Amino acid sequence: MPTPKTQRAWVSLQRGHPSRSLSLKSDWPVAGELKKDDVLVRIQAAALNPVGYKMMRLLPNFMAGRPLVVEHDFAGVVEDGNDTEFKAGDPVFGFIHVFDNQKSRQGSLSEYAVVPAAAVALRPPTIDVANAAGIALAGLTAYQALFKDAGLEPGQKVFINGGSTAVGLFAIQIAKAHGMTVVASASSRNEGLVKEMGADEFIDYTKEPLHQYLASHPPEPKFHAIIDAFGLSDPSLYTHSPQYLAPQGVFVTTGPFPHSTTISEFFNAFLTIVATARPVWLGGVNRKYKLAAVMVDKADLNALSQLIAEGKLKGVVDSIYPIEDALKGYERLMTSRAAGKVVIKIDPSVQ
Numbered sequence: 001m002p003t004p005k006t007q008r009a010w011v012s013l014q015r016g017h018p019s020r021s022l023s024l025k026s027d028w029p030v031a032g033e034l035k036k037d038d039v040l041v042r043i044q045a046a047a048l049n050p051v052g053y054k055m056m057r058l059l060p061n062f063m064a065g066r067p068l069v070v071e072h073d074f075a076g077v078v079e080d081g082n083d084t085e086f087k088a089g090d091p092v093f094g095f096i097h098v099f100d101n102q103k104s105r106q107g108s109l110s111e112y113a114v115v116p117a118a119a120v121a122l123r124p125p126t127i128d129v130a131n132a133a134g135i136a137l138a139g140l141t142a143y144q145a146l147f148k149d150a151g152l153e154p155g156q157k158v159f160i161n162g163g164s165t166a167v168g169l170f171a172i173q174i175a176k177a178h179g180m181t182v183v184a185s186a187s188s189r190n191e192g193l194v195k196e197m198g199a200d201e202f203i204d205y206t207k208e209p210l211h212q213y214l215a216s217h218p219p220e221p222k223f224h225a226i227i228d229a230f231g232l233s234d235p236s237l238y239t240h241s242p243q244y245l246a247p248q249g250v251f252v253t254t255g256p257f258p259h260s261t262t263i264s265e266f267f268n269a270f271l272t273i274v275a276t277a278r279p280v281w282l283g284g285v286n287r288k289y290k291l292a293a294v295m296v297d298k299a300d301l302n303a304l305s306q307l308i309a310e311g312k313l314k315g316v317v318d319s320i321y322p323i324e325d326a327l328k329g330y331e332r333l334m335t336s337r338a339a340g341k342v343v344i345k346i347d348p349s350v351q
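First residue of the sequence shown? That's 1 in the numbering used here, and the numbers climb one at a time after it.
Think of the hints as simulated: they come from the structure by calculation, not from any bench. Please read these numbers as outputs of a predicted model, since none were measured by experiment. Don't take every hint at face value.
Within a straight-line C-alpha distance of at most 30 Å, the following computed DSS-like cross-link-like pairs (lysine-lysine) qualify [what the hints assert, rightly or not]:
1) K176 <-> K87
2) K36 <-> K176
3) K328 <-> K314
4) K35 <-> K176
5) K54 <-> K222
6) K36 <-> K25
7) K148 <-> K298
8) K195 <-> K222
9) K290 <-> K148
10) K87 <-> K35
11) K207 <-> K222
12) K54 <-> K298
13) K176 <-> K195
14) K54 <-> K25
So the derived label-pair ranges between C-beta atoms look like this [to be verified]:
15) S187 <-> T6: 39 to 47 Å
16) P2 <-> K35: 15 to 23 Å
17) D325 <-> D128: 35 to 43 Å
18) P154 <-> P2: 28 to 36 Å
19) P60 <-> S188: 37 to 45 Å
20) D297 <-> D325: 31 to 39 Å
21) A299 <-> A215: 37 to 45 Å
22) K35 <-> E208: 50 to 58 Å
23) G16 <-> A309: 55 to 63 Å
24) K87 <-> E153: 32 to 40 Å
All residues carry an ideal CB built from backbone N, CA and C; glycine is no exception.
Work the whole structure out from these sequences, hints included.
Written out as structure tokens, the structure reads:
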């Protein structure tokens, strides 16, 4: 069957809440000629990410590149391998990097997307489409935070804040697969899930501020790294870290981004910027602070695929919505209560 020339796609037209920004188009064009090293993927399922709705709300049209198809994670089937390592019919998963999304206007909330082959990996038969759809972006963020940003090694000890977030759940699994000791935080309702993923110790962050708990219950030995998967705007976990983070340890965060539009959230974000910029000799924190920034890396993506094939990494799906109900999926994601990925089924025939 020939590839259609048009498709259904959720397109961001203006800045604002997803309900204001997005429109489901039925006549969005499917890319024609492919550039070298690109593949055309028929998307079966996509996953929503916080960066998606945050960019909708924050970036003006000229910075966001609108109109463009939104979202990044996907699982699907190769439609055109374009003389790459892939061939038509290969089951795959991957992601469209934010920069590629803005440049090409290709996104994963569509029936087809052009993706660099380096951002695509074969989907092992051990995982289904829905679970595979949400792995690439959050999984790579976790993998690169652990090994490239924090430089962790087997046998070391890591604290993962936001253990029930998508990045946190993958970070727990990846760290355990590499022989690390994992302490993770979440609310009590997600304790079972966090422990199921492999956490050796659980901390309920709702009982008292994490920096106070860790200071009064210092780990032995101290953590070799802290992975803040929640993206805290409050700098306290970092500013008090010498009490529980080893001298050469690294604090890696997916933030700091305000989680609401309140003055206190923006003030906390400002305090974090000040804390990370102040040199040690002026009272700054004597620990490294790094912002996780996911990069397209074929070797890292293949490493995730291998962990999946070995049964050491699995997707965690919070909920699944049909493509027509993507806005309901965003509402779920924006509650900050989703444990795992919110998945949008693009192809209704896929189980």
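Violated hints - listed by number, lowest first: When the structure is compared with the hints, numbers 1, 2, 4, 5, 17, 18 and 23 turn out to be violated.
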